[in-house]
Amino acid sequence: MIRRILVTSALPYANGSIHLGHLVETIQTDIWVRFHKAQGHECRYFCADDTHGTPIMIRARNEGIAPELLVARMHEEHLADFRDFHIGFDNYYTTHSAENRHFAEEIYLNLLQGGHIAVETVHQAYCDHDAMFLPDRFIRGTCPKCGAADQYGDSCEHCSATYSPLDLKDSYCALCREHPVTRSSEHFFFQLSHFETFLKDWTRSGALQSEMANKLEEWYASGLKNWDISRDGPYFGFEIPGQSNKYFYVWLDAPIGYMASTLHYCNQTGISFDEYWRPGSQAEVYHFIGKDILYFHTLFWPAMLKGGGFRTPTSVFVHGFLTVNGQKMSKSRGTFINARTYLDHLDPEYLRYYYACKLTARVEDLDLNLDDFVHRVNADIVGKVVNLASRTAGFIQKSFAGQLCEVYPEDGGLYASFVQAGNEIAQHYEEREFAKAMRAIMALADQANRFIEENAPWNLAKQGDLTKLHQVCSVALNLFRVLMTYLAPVLPQLAEKTRHLLNLNDLHWASCQQPLNGTTIQPFSHLMARVDAKRIEAMLSASRPLEENSTPQPAAPAPVPAPSSAESASATIQLDQFAQVDLRVARIRQAELVEGADKLLKLTLDVGSLGTRTVFAGIRAAYQPEALVGRLTVVVANLAARKMKFGLSQGMVLAASHPDATDKTALFLLSPDAGAEPGMRIQ
RNA sequence: GGCGAGGUAGCUCAGCUGGUUAGAGCGACGGACUCAUAAUCCGUAGGUCGUGGGUUCGAGUCCCACUCUCGCUACCA
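Sequential numbering of the first sequence, starting at 856, is according to the numbering used here.
Please note: incorrect hints may appear among the correct ones.
Distance condition first, Cα-Cα at most 20 Å in a straight line; then the derived EDC-like pairs of lysine to aspartate or glutamate [what the hints assert, rightly or not]:
1) K892 x E1204
2) K1239 x E1286
3) K1389 x D1202
4) K1457 x E1447
5) K1186 x E1392
6) K1080 x D1147
7) K1239 x D1227
8) K1323 x E1309
9) K1146 x D1222
10) K1000 x D1025
11) K1457 x E1481
12) K1183 x E1392
13) K1389 x E1219
14) K1070 x E1219
15) K1323 x D1266
16) K1352 x D1235
17) K892 x D1361
18) K1352 x E1204
19) K1291 x D1235
20) K1323 x E1308
21) K1253 x D1320
FRET-style restraints, in silico, Cβ to Cβ [unchecked claim]:
22) W1074 x T1469: 44 to 50 Å
23) L1509 x Y1075: 57 to 63 Å
24) H1230 x T1169: 36 to 42 Å
25) R916 x F1053: 39 to 45 Å
If you're looking for bench data, these hints aren't it; they were derived computationally from the structure. Remember, predicted model here, so these are calculated numbers, not experimental data. Just so it is clear, CB atoms sit at the ideal spot from N, CA and C, and this is done for glycine as well.
From just these sequences and the hints, can you work out the full model?
In structure tokens form, the structure reads like this:
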């Protein structure tokens, strides 16, 4: 029976790049989807970017572009990253879409009509200067408990006290540094508690792993709280129908993106949306998520769907976090690795295989041990599996014009046992026990290699026993084909190369029930290169922040151009790329010589609303410190801070210089025309 | 502080409802082979299963205490 299956992985937030942590989930999901497709089921994989909310709005504002533009750019980036990891979405959409607005409104209006929306007055910090309510993260101030300065609005990193932003002492807006005022506003609350009975039933229906069901019991025990689903403008999101200047909170419309992505796909392909999402749907709906967003997907989301007039998910599959070399991903250790950085150095299938080797159905953290990674991938994929083809295809090519035996030879029941093992392996895939599936497949690969060893085709070739040689190599390649059929969900690229090598139409699961007889194969070419451990180090190095990468160089942040002999313009960039550079007018408050540095001056800059910055600039040869005090110049305000021997440099001032830099004193600091004020944006 | 997960060979992990000398893969070491991307095959070494108690004829496997690690959480979704 063909199953109709809809699968999602969590929507990545459009504020950041895809990293190896995201990929645990997308690779897990993708393997599961590819497996089901190979089984002949009607399985579709939908995802999207999560695009709304204050962080996106602020970032777009900082970059000086419309949020729509930012979101579109990130969409392209995310899509390219996933594509290059062979993530086979049927559709990758966006929550900033007409479809998503439609469903958000539909669900909201149904909830409203059902009496599940309450209005409450909320008191919140408001910034007059930025004309907006401030989320906790955008308020900073002094901790009311321990007095630590510069703490976030909700909790103190120093003494880990929690409090309301309104309790913060000397609070200020993280954007403009002005003191916020308290304002009240009406917010809309989703009455989650109305759905408690329904949710408890749903939890017990087998939709969740047992450990997650236990977690929910905790939440039920402490009582379900109503959920604030509205935000006051300005806010990047969808306006709430029938209200003015009120928007849906980003987490309201984020999971609805699963439906929007489905509809967008259905509209293009003529498939019925309702058969997936409306009540009475016979389809299976699965969400893969990380344990950090359990609450949204197992309480709010099913309740929203229920009250909004839709069906609820069949299951939510939760996975743990990624650690690298046993520790949390860390920027300074270079283990916070972006998808693109990985791709710049390594083959995505290495990671897909390694993750598959470590993934189980349980909610456990997955450790990417980089030494183990190298050994595992090289030993299993290259040494065992690919090697099967590599050591026998040559004989078939040389001695038999590339043709396999017309009649499948006697192999002692090996082929039959490989086909038989497929049932157990399929079971493991189905249950998301990928580690067990990989172990089972590699045990078969060991058997196949032993078969070759015992029959020593190289001896048969020497002895001129062509019949036996033909048989042994035909068996080996047939076994290889079965293994690659089983590995295809994990290694789609290698599977594709195998399909080409063996002249196959597909590598569907059932297609290897019968061995290949009389097939002509393509000349063998390398299927996969070994992992080069040096590339790992290069990747870690590229992931480390700049200041940890290089030895301290006094002139580092100074405007010294790279003296290239061939002077030519740099590569063309787009406006939005330029807009990423936050240039500001700054007034030099102090300028001092730096002890022990003969090229540097230490500048103290007033950057208006951005506060005071310390910048080390390599301009001592051209300027006396006292000549600089009081003058205006231009600073790159969002350049990553750089730790130097002499202190932290928090930006970079701009100056012109000759390309050949022969005359060290030929440095010319930029200045705005009269009338400019510190903090002004330059664009 | 609360909750959860976990501590099994150098590394990554299996060990179901307690039962023969505790397993696999990788790595190390020794050998074989040479078809193959220094791959493969055979063999060896190596663990008092975090610590201490207890239940039992018998515990890595159950109970208690302790300890270490990791994650989540602390009125927040």
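**Prompt:** Honestly, which of those hints from before does the structure not fit?
**Reply:** Of the numbered hints, 2 and 13 do not hold.
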